[in-house]
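Per this note's numbering, the sequence shown runs over residues 1 to 75.
No lab work stands behind these hints, which were simulated from the structure alone.
Worth double-checking, as some hints may not be accurate.
Said to hold, decoys possible - No farther apart than 20 Å at their CA atoms in a straight line, the calculated lysine to aspartate or glutamate pairs in the DMTMM-like style are these: (1) K29 / E47; (2) K23 / D58; (3) K59 / E19; (4) K7 / D22; (5) K62 / E19; (6) K59 / D72; (7) K5 / E17; (8) K23 / D42; (9) K7 / D72; (10) K23 / D43; (11) K70 / E17; (12) K6 / D72; (13) K49 / D72; (14) K5 / D43; (15) K20 / E50; (16) K49 / D60; (17) K40 / E19; (18) K35 / D60; (19) K20 / D58; (20) K49 / E19; (21) K5 / D60; (22) K71 / E17; (23) K35 / E19.
Values in this document were obtained by computation on a predicted structure and should not be read as measured data.
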Amino acid sequence: MSRSKKKTPITGITGAESEKNDKRIANRKFRRITKMQVKKGDDKFVELKEISNVWSFDKDGKHYLKSPTKKDLRK
């Protein structure tokens with residue numbers, strides 16, 4: 001495994017490792033709002049995209065690297 005490398009040159013825009021905590025918070029908020037709407041008897045439910053903004057997460061999205069070096073493709 002010492003010589004393993006990524007197949008596709010995609011990386012996060014910032015230096016954050018993951019967005020796991022942001023996703024957990026967004027899904028908790030979504031479930032809480034949905035439960036309240038079910039109790040009220042609403043017919044129309046909110047979507048996850050209406051509650052959270054993907055671009056405000058830690059990693060701030062992904063992008064392709066045009067000319068990646070060996071260091072960029074390390075796992």
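Sort out which numbered hints this structure fails and list those numbers smallest first.
-> Per hint list: 4, 8, 10, 13, 14, 17, 18, 21 and 23 violated.
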